[in-house]
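In order, the protein sequences belong to chains A and B.
The numbers in the numbering used here rise by one with no breaks, and the one at position 221 of the first sequence is 221.
The numbers in the numbering used here rise by one with no breaks, and the one at position 191 of the second sequence is 191.
Treat each hint with caution, since some may be false.
[Claimed, not checked] In the DSSO-like style, the derived pairs of lysine-lysine whose C-alpha atoms are separated by at most 30 Å in a straight line are:
#1 B:Lys110 x A:Lys27
#2 B:Lys110 x A:Lys150
#3 A:Lys79 x B:Lys3
#4 A:Lys232 x A:Lys182
#5 A:Lys79 x B:Lys110
#6 A:Lys221 x A:Lys232
#7 A:Lys221 x A:Lys252
#8 A:Lys150 x A:Lys232
#9 A:Lys27 x B:Lys268
[Unchecked claim] Computed from the model, here is a short list of chain B residues facing chain A with C-beta under 10 Å:
#10 Lys3
#11 Gly8
#12 Gly10
#13 Arg17
#14 Arg24
#15 Val105
Simulated from the structure, these hints should not be mistaken for lab results.
Nothing here was measured: the structure is a model prediction, and the numbers come from that model.
Don't be surprised by glycine CBs; every beta carbon is placed ideally from N, CA and C.
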Amino acid sequence: MVAENKGIEPGGGIVLDGISHAYSGRKALDNVSLTVPRGESMALLGPNGAGKSTLLNILCGLIRPDAGRAIVAGVDVSKHSSEARQNIGVVFQDDSLDDRLSAWENLEFHGLVYGMDKPSRARRIDEVLALVELSEWAENPVRTFSGGMKRRLEIARALMHEPRILILDEPTVGLDAQTRAKIWSYLNQQRRERDLSVFVTTHYIEEAESCEAICVIDHGKVQVQGPPADLKARYGTSLIRCLPRSPEVRQKLLEKYPEAQRLSGDRLGIVVRDQAMIDAFLSEFGSSLKEILIDEPSLETVFLAITGREMRERDEVNSKARGKRNKRI
Amino acid sequence: MSKLTILGRGIYAIWLREIMRSFRDRGQLIGGVSRPIIWLLILGIGLNPYFRGEIYGEVRFVIPFTYLQFLFPAVIVLNIMYTSILFAVSMIWDREFGFLREVLVSPLPKWAILFGKILGGSTVATMHGFLVLILARFADVTLGWDQVAWALVLMFLLSFGLTSFGVILAARVRSFEGFGVFSNTIILPLYFLSSSVFPLDPSLTRTQTAATYPEWLAMLVQINPITYAVDALRGALIGFNQFDPWIGPSIIGAGAVLFFFIALVDFKRQ
Ligand SMILES: Nc1ncnc2c1ncn2[C@@H]1O[C@H](COP(=O)(O)OP(=O)(O)OP(=O)(O)O)[C@@H](O)[C@H]1O
Ligand SMILES: [Mg+2]
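Given these sequences and hints, build the entire structure.
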């Protein structure tokens, strides 16, 4: 679309190049670079406050980065924000529907704001409502929708103007497994049919696993990125997770394995080097544990190895973090 | 598809959402209807006999109008003030419930977003002003079409300026409750100090005015922009002006432009 950018990303996906951003002096993102080729998907993983939402806000032009460039479908977001936004569909971390309007009215509004003409609005509203199985609810006010229905409607809305890039900030948080699976089936269907690039933050392992690439960020820096299989091969470790029976046992464990990670709920995580280590561990501590779990190499252990935190922790902190998460721009 | 068409659709959507919302919001509608009835029918009719000083033998104000006629244009201004300034609650709502971001990530430029919102708010406020206009016959005001048209132009510009003013306030007071309290504490004083319910007699000289009213009161009335808005509407509807007839419309027009630009600067910065 814009000649000067053609050379950078002929495929038209997402390119972030050296993005840095600080909130009143506090660094939230530090020299972040990554690429999502056209038609592919990337999952962005990271603990609370890692800078995920900040990065997505920069991608859709809500925040102007202090340094670096964001290029979306071949268009520089800060130079030609209007063209860039036309190519982007966004699903925010928090609800952004008008719940006093009906589903149809929310979509009609979206179509108008994206400059669509009447026939294409009518056609796309029918299509996207059918896609997320909300056709029967078109006339109902969004106020009466369940959390899952609202999420589906937000996804329908983000797809309505036929964007080439879809940006989703925790689209499935707080939904049951069945609804999550449904949402991903809509997304994957759209990816196949429309060559859509998808950039998503999530803390559900299965969801990240199904993406072509994964990027782990922490403290505003990219820690690793690559296909899930590569990351597992490179960083995945087996991990013993255990809950000691008493503080004394815990103390002894920490003396024996000083590198042990302190996990939530007094549990400890110990990286497994080989089978012999597991045997030694079990014979010494096997009888003084309340709980033990030995993880195979997985994205979860990759995440733990890189950030020192569990992905699941996030479920528990979500409720605490609400206040912070509801922060608005 | 031309850029202008796209822009037009966006502004239309934002405008339409405000209009739809105002029709669905019962409370706002009830306020818009009941306020003028209370002011005009109860206060206006109640005080009507006391307005002319000669009742007590001493003629102070020689204005060839009944109190009801005199109050009528001011009630229009009051209704517009409430609706316009409280419209900013809708801005706070959008920010608070996340809807604002849906609009901010759209291709629409920021000025168009703000313009659409304020246009929506001013249309609703003008309609609420029009509700009062319908009561004209109860206030013994007879209107020609040209008068109605000119009044509507003034009412719309006034609404636009006051809506922008509310938006400027809302950018500073960011909570619903804070804004509610704040706006109520400024609407009524502004209204009472606008020579709306009692006149600053034009036939008196400055010194005579100062003798009739305490100086601070006369001063406050004179520096209050709403005074001139009320005057402009009196000029349009009952042909009575306390000031030069062009002053009111000019101040209304200038306010609309000035406040919109301040609101825009705020909106772009946030
Ligand atoms: N508007 C803001 N003003 C100041 N600091 C902010 C603002 N938004 C985010 N931050 C800070 O920047 C850092 C990154 O925040 P961000 O919201 O991007 O994290 P996140 O990875 O999305 O976290 P979560 O998983 O909780 O959504 C945090 O330390 C946060 O406190
Ligand atoms: Mg976030």
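Hint by hint, here is what the structure shows:
1. B:Lys110 x A:Lys27: Holds: Lys110 of chain B and Lys27 of chain A sit about 27 Å apart, inside 30 Å.
2. B:Lys110 x A:Lys150: Holds. Lys110 of chain B to Lys150 of chain A sits at ~26 Å (cutoff 30 Å).
3. A:Lys79 x B:Lys3: holds, 17 Å
4. A:Lys232 x A:Lys182: holds, 26 Å
5. A:Lys79 x B:Lys110: Roughly 15 Å between the alpha carbons, so the hint for Lys79 of chain A and Lys110 of chain B holds.
6. A:Lys221 x A:Lys232: holds, 20 Å
7. A:Lys221 x A:Lys252: violated, 35 Å
8. A:Lys150 x A:Lys232: violated, 34 Å
9. A:Lys27 x B:Lys268: holds, 23 Å
10. Lys3: This hint holds: Lys3 of chain B lies near chain A, its Cβ roughly 9 Å from the closest one there, short of 10 Å.
11. Gly8: Result: holds, 9 Å to nearest chain A Cβ.
12. Gly10: holds, 5 Å
13. Arg17: holds, 6 Å
14. Arg24: Holds, about 7 Å.
15. Val105: This hint holds: Val105 of chain B lies near chain A, its Cβ roughly 5 Å from the closest one there, short of 10 Å.
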